[in-house]
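Protein chains: 2
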Amino acid sequence: MRDAYHDELDALTEQLVEMTRLVRSAISRATTALLDADLHLAESVISQDEEVNRIFAEIETSIFELMARQQPVAVDLRMVIAALRMGTDLERMGDLAEHVAKVARLRHPESAIPPEIRDTILEMGQIAERLITKTGSCIASRDVDTAMELEADDDAMDKLHRRLFKVLMAKDWKYGVEPAIDVTLIGRYYERYADHAVRVAHDVVYLVTGSRPQDVTTV
Amino acid sequence: MRDAYHDELDALTEQLVEMTRLVRSAISRATTALLDADLHLAESVISQDEEVNRIFAEIETSIFELMARQQPVAVDLRMVIAALRMGTDLERMGDLAEHVAKVARLRHPESAIPPEIRDTILEMGQIAERLITKTGSCIASRDVDTAMELEADDDAMDKLHRRLFKVLMAKDWKYGVEPAIDVTLIGRYYERYADHAVRVAHDVVYLVTGSRPQDVTTV
Numbered sequence: 001m002r003d004a005y006h007d008e009l010d011a012l013t014e015q016l017v018e019m020t021r022l023v024r025s026a027i028s029r030a031t032t033a034l035l036d037a038d039l040h041l042a043e044s045v046i047s048q049d050e051e052v053n054r055i056f057a058e059i060e061t062s063i064f065e066l067m068a069r070q071q072p073v074a075v076d077l078r079m080v081i082a083a084l085r086m087g088t089d090l091e092r093m094g095d096l097a098e099h100v101a102k103v104a105r106l107r108h109p110e111s112a113i114p115p116e117i118r119d120t121i122l123e124m125g126q127i128a129e130r131l132i133t134k135t136g137s138c139i140a141s142r143d144v145d146t147a148m149e150l151e152a153d154d155d156a157m158d159k160l161h162r163r164l165f166k167v168l169m170a171k172d173w174k175y176g177v178e179p180a181i182d183v184t185l186i187g188r189y190y191e192r193y194a195d196h197a198v199r200v201a202h203d204v205v206y207l208v209t210g211s212r213p214q215d216v217t218t219v
Numbered sequence: 001m002r003d004a005y006h007d008e009l010d011a012l013t014e015q016l017v018e019m020t021r022l023v024r025s026a027i028s029r030a031t032t033a034l035l036d037a038d039l040h041l042a043e044s045v046i047s048q049d050e051e052v053n054r055i056f057a058e059i060e061t062s063i064f065e066l067m068a069r070q071q072p073v074a075v076d077l078r079m080v081i082a083a084l085r086m087g088t089d090l091e092r093m094g095d096l097a098e099h100v101a102k103v104a105r106l107r108h109p110e111s112a113i114p115p116e117i118r119d120t121i122l123e124m125g126q127i128a129e130r131l132i133t134k135t136g137s138c139i140a141s142r143d144v145d146t147a148m149e150l151e152a153d154d155d156a157m158d159k160l161h162r163r164l165f166k167v168l169m170a171k172d173w174k175y176g177v178e179p180a181i182d183v184t185l186i187g188r189y190y191e192r193y194a195d196h197a198v199r200v201a202h203d204v205v206y207l208v209t210g211s212r213p214q215d216v217t218t219v
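These protein sequence lines are chains A and B, in that order.
The first sequence maps to residues 1 to 219 in the UniProt record's numbering.
The second sequence maps to residues 1 to 219 in the UniProt record's numbering.
Everything labelled a hint here was simulated from the structure, so no lab data went into it.
A few of these clues could be false.
As the list makes no split between identical chains, a pair holds if one copy fits it or if it spans any two.
[Stated by the list, open to error] Using 35 Å as the maximum straight-line C-alpha spacing, the simulated DSBU-like pairs for lysine-lysine come out as follows:
id : residue 1 : residue 2
1  : K174      : K102
2  : K159      : K102
3  : K174      : K134
Please construct the entire structure, taking both the sequences and the accompanying hints into account.
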């Protein structure tokens with residue numbers, strides 16, 4: 001009985017890691033779809049978000065059953081509480097990747113991204129991928145040191161986000177209001193994606209140590 | 001022992017209702033600060049968000065202790081799980097109100113809102129207040145019917161959000177890119193605020209019935 005219980009807790013970890021894989025792939029494809037105006041790729045991100053939601057629903061059901069049947073205490077109780085929170089954040093990251101893909105789809109066959117900021121968006125996409133990859137490793141290994149390192153990547157994301165606004169508000173911005181709106185929203189999606197990745201990593205710290213670092217909040 | 005336990009569960013409900021009061025007041029003051037370019041009011045929203053975060057931290061601590069000490073089952077277990085989720089959403093709503101207030105502060109002594117869209121922003125603020133007021137009642141009364149009604153208000157919010165984009169993208173928009181960016185972000189904050197209110201109401205439905213309506217997802 002006790003073994004089946006720990007198998008179930010391990011299964012939660014595996015499901016969360018699987019969610020990180022899916023939302024990593026989603027943001028990677030969404031970035032490419034955006035930069036290459038690739039409708040097919042955008043559609044794939046949008047349709048596959050369902051899979052992320054499905055795994056999260058499974059996690060919620062498992063947790064409820066596990067808590068009703070067993071009496072998790074100490075680190076096991078922290079695991080189920082953290083898993084609920086992590087699942088919520090990862091599910092939201094899937095939504096954010098989907099939002100990026102929807103902007104790509106909306107502007108197809110044009111690209112929503114003017115040439116001057118392609119580099120910045122590409123970098124934001126790469127940082128997003130790096131963040132979620134590290135988050136996935138943290139969950140699998142329960143590595144607190146790596147979890148604390150994520151903040152440097154999140155700072156880099158915030159810096160790119162500010163750079164984006166600088167370009168949009170510069171006097172020589174020649175694309176008008178509609179692309180500015182697209183870029184404003186896209187920038188926010190990447191920045192929120194990064195914030196959620198950091199929150200998940202903080203939950204790994206909580207899980208291991210029993211206390212959670214202060215979460216980042218940004219405008 | 002069993003009575004103290006139910007007192008603790010009731011205290012959770014009261015704390016959540018208190019959070020709804022605070023985030024209602026926050027979005028109300030943030031909207032006024034934005035429309036009237038009222039720096040003092042904007043600052044009050046920004047500084048008082050700490051109080052929302054503090055109550056949520058208390059809720060998290062109570063829940064952890066409660067689960068470790070007791071073995072909540074059935075509706076009690078749903079209550080603690082729902083309270084965790086509701087607290088997370090309400091805490092985020094406080095952040096979103098704070099974000100609105102920060103835009104007001106950033107543009108002071110100007111108003112970030114051009115005259116043509118003051119009405120729309122005012123209405124978005126009013127719907128946000130109506131939503132969170134109903135959400136608070138739902139939590140207090142565990143009233144499933146009211147919880148399901150919130151979607152009409154959320155639809156009204158989405159409609160206003162689309163109207164906002166229409167104005168921004170119209171050929172006669174004469175305010176340039178910077179105000180368009182402000183309004184894009186502000187619009188998104190109100191729309192997300194509404195989404196979170198609906199999620200909280202859905203958690204009341206979950207709490208009472210054991211299953212949760214499909215959450216809204218929007219771009």
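So, going through the hints one by one against the coordinates:
no., hint, verdict
1, K174 to K102, "both (24 Å within a copy, 27 Å between copies)"
2, K159 to K102, "both (24 Å within a copy, 19 Å between copies)"
3, K174 to K134, "neither (38 Å within a copy, 45 Å between copies)"
Violated hints amount to a single one, hint 3; each of the other numbered hints is respected by the structure.
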